[in-house]
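In the order they appear, the protein sequences are chains A and B. So the first sequence is numbered by the working numbering: it starts at 2 and just counts up by one. So the second sequence is numbered by the working numbering: it starts at 782 and just counts up by one.
Worth flagging that the hints you see were computed from the coordinates, not collected in a lab. Cβ coordinates follow ideal geometry from the N, Cα and C atoms, glycine included. Keep in mind that a hint or two might mislead.
Here are the simulated DSS-like cross-link-like pairs (lysine-lysine), alpha carbons at most 25 Å apart as the crow flies [stated by the list, open to error]:
| # | chain 1 | residue 1 | chain 2 | residue 2 |
| --- | --- | --- | --- | --- |
| 1 | A | 218 | A | 40 |
| 2 | A | 38 | B | 917 |
| 3 | A | 38 | A | 218 |
| 4 | A | 218 | B | 917 |
Here are a few chain B residues that face chain A, going by a calculated C-beta distance under 7 Å [unchecked claim]:
| # | residue |
| --- | --- |
| 5 | 855 |
| 6 | 862 |
| 7 | 866 |
| 8 | 884 |
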Amino acid sequence: MTATTHTEIYRRLKGELAPVRFPALHLWRARMQVAFKRKLPLFLLFVPPWISGIVFSFVVYSKFTLEQGMGSPIPGMGGGPAGSMAGALAGQLIQVHDQIVIFTYVSRVFALLAIAWFGAGLVCEDQRAGAHLLYFSRPLSRLDYFFGHFLTIASFGAMVTVGPVLLIGLVAVFSSPDYAFLFEKWDVLLGALAYSSLNVFVLSMIALGISSLASRKSYALAGVFAFILGSDSLGAMLAGTQGDRDWSMVGVLMNLRRLADWMMDANQSRFEWNPWYSLAIVLGLAAVGGWLVARRLRRLEVVA
Amino acid sequence: MSALVVADKLGCWYGQVVGLSELTLAIEGGITGLVGPNGAGKSTFLKLVAGELRPARGEIRVLGHAPFANREYFRRVGFCPQQEAIWGDMTGLEVVEFLMRLHGYAPPEARRRANAALDRVGLGDARTRRTAGYSKGMRQRTKIAQAIAHDPELVVADEPLNGLDPVGRAEIQKLFAELGAAGMHVLVSSHVLHEVEALTPSIVLFHRGRLLAQGSVGEIRRLLSRHPRRVELVARDARRLASALMALEPVSSVRIAPDGRVAVETGDVERFFRELTALAPRERAGIRSIESHDANLEAVFDYLVG
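Just chain A, same shape as in the assembly:
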C-alpha cells in the first residue's frame, strides 16, 4: 500500500473524554426531546389523563372539605359530635379510597394509549432508519440501548398514570384532617403507586417487544392495540360464552384490573381468581417482551 506519509504522522487521540456515565440517560433525553417536538400527540394523550386527575383531585378535596361532619356516627362511639365526626371521616376515607381505585382503572387506558403511541416506533424505526448503527459505534451497549428506550416509554406511561395518582394522593393527604389519609390509608397510596408502576412496566415491555417485531411504527402500533385489546375481547367473549368470569384472565387489561383490585384492596372486585395468577401472567408477558427485544438487539449485529 502507499500512503506512507500518513503512517509517519500517525496520530493518537489526545483529547480527554470523560467516562460516559449512564449512557442510557442520554438516549432517553434525546428521545424525549424528539417526542416533545410533536405537540398534538402530547396534547391529545396527556391532557385527558391530567384533566381526569384534576377532576378526581377536586372530588377528593370536596369529600374532605365540603362534606365535613356529614357522615353517620360510628357504632360504639355514641351519637355525639365526636362519633359523628369520626364516622364522617371514616366514610370519607373509604370514598376517597374508591376514587383512587376508580382512577387507576381509568388510567390503564390512558397508559395504553400513551405507551403505544410513544413506544411502538422506538425499536422498529431505529432499525428501519439504521440509527442503531450510530449508537453502537459509540460507547453505548445493547443493555444501555434497551434501558434508554425503556426509560423513554416508561416516562410517558408514568406521566399519564403515576403523575395523576400522585396528585390525587397528595390532595387526599393534605385535605384530610391531620393528614388522616396518610396515616389511615397509606397502604392505598402505596398500592396505587405500585400498581401504576407495574401497569407502566408491563405495557412498556409489551410495546417494546412488539416494536422489535415490526418493521415500522404503524404496524407496531396496530400490533400493540391488537394484542392488548384483542386479548381482552377474547377473554370477555370466553367469559360470556362459558359463563365463567375467570376466562377474563386471558385479557391483559383484565389481569391488570384484577391486580389493581388486589394491590389497592378494592372494596368490590368483579373478579375473584387468585391475583397471583394475574401477576404471573403480566410478568410473563413482560418477560416475553424483554426477550423479543433482546433477540432483536442480537440480530441488529447482523443487519447489513
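Add chain B to chain A, keeping to what the hints say.
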C-alpha cells in the same frame, strides 16, 4: 508500526448469505478506498471495522483493538453508515450534539464540537433546521459531521458520497483529503469507482465477500500483465499507423474501428508508449490523440471480475 487494520481469515454471514469469507488483509494508515459492486462485502467489512458486527470467524484488529463492543475503541473511531440513520425530528445540531454526549463530552463541549463539525461539512447555516427537511446530500453531510466531530483517529465512511451533487462531492472529497493530510485515517467505500480513485490511490477491491486485490491502481494494473491494456489512437492515416504498430513487439493486436480509430492491445503499456514515441515522427501518420481508457479503476475492476 503495525498496520491500521489487520484481518485474519475473517468471516461474517447473514444467515445463509456470505458477507465476508476468509478475508486476510492488512491496511496501512492514510486514506484507503474500498471498492466493489453491491454485495461485494464492503459494508460488512466496514461494519466489522466500526465494531458494529461481531466476526463469525477469524479475527480483526483495528488500531490494535478488537472492535466489537469495545468502548475504548469506539472513542477513537467515527462511523458514517450508508443508511439514513438520523432522526428526522431533530435538527442537525441536536443530532450531532446528542451523539457527542454519548461519547462522554459535557454539554458545552458537545455543542461546540457539533457546531464545528457542521461548519466543516458546510452545514453551518442549516444546523437549526430539522433533518427531515434536509436534502439527501445534507443528511449525508450530517452523518459525516457526527463521524468527525469527536476528532477520531479513524473515520469509517460507507458510501459517503451517495446523494451529493457534484459540488458537494468535490467538497467532501476535499474534506477527506484534508482529514487524511491532518493525520486522520480514512476508510471509505464506494461502488462508483472513479470517486474512490479521485480520493486515494490506495484501494482494496472486494468481490463476493472476498479480497480481490489490494494496492494502488497502478500496482494492481501491473499485476494484470496477462490482461492486455487497450490504447486508442486517432491518426490522419490510420492504415499506415496500424501497419507500423503491428511491427512493435509489445503490441498484441491492432484493430481499426469503423470511425477510424486505431485500437491497440498491449501487454506492456510503458514499453509500448516508449516505442510509439520513436515510431510517430518516423511514420508521419499524423497522430492526433492517444487515449488509454482502461487505465482507470473501472477497467481494472472489469478485468479482475472478468
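**Q.** Hint validity - residue 884 of chain B Cβ closer than 7 Å to any chain A Cβ
**A.** holds (6 Å)
Q.
residue 218 of chain A and residue 40 of chain A were given as a pair; does the straight-line alpha-carbon distance stay at or below 25 Å?
A. holds (18 Å)
Q.
Can you verify the interface hint for residue 866 of chain B: is its Cβ closer than 7 Å to any Cβ in chain A?
A. holds (4 Å)
Q: Mind checking the alpha carbons of residue 218 of chain A and residue 917 of chain B for me, to see if they're no more than 25 Å apart?
A: Roughly 22 Å between the alpha carbons, so the hint for residue 218 of chain A and residue 917 of chain B holds.
**Q.** Restraint satisfaction for residue 855 of chain B [CB to CB of chain A, less than 7 Å]
**A.** holds (5 Å)
(Q) Tell me if the interface restraint on residue 862 of chain B is satisfied: Cβ within less than 7 Å of some Cβ in chain A. (A) holds (4 Å)
**Q.** 25 Å limit on alpha-carbon distance, applied to hinted pair residue 38 of chain A and residue 218 of chain A
**A.** It holds: about 17 Å lies between the C-alpha atoms, which stays within 25 Å.
(Q) Does residue 917 of chain B sit within 25 Å of residue 38 of chain A, going by the straight-line distance between their CA atoms? (A) holds (22 Å)
The structure agrees with every numbered hint stated previously.
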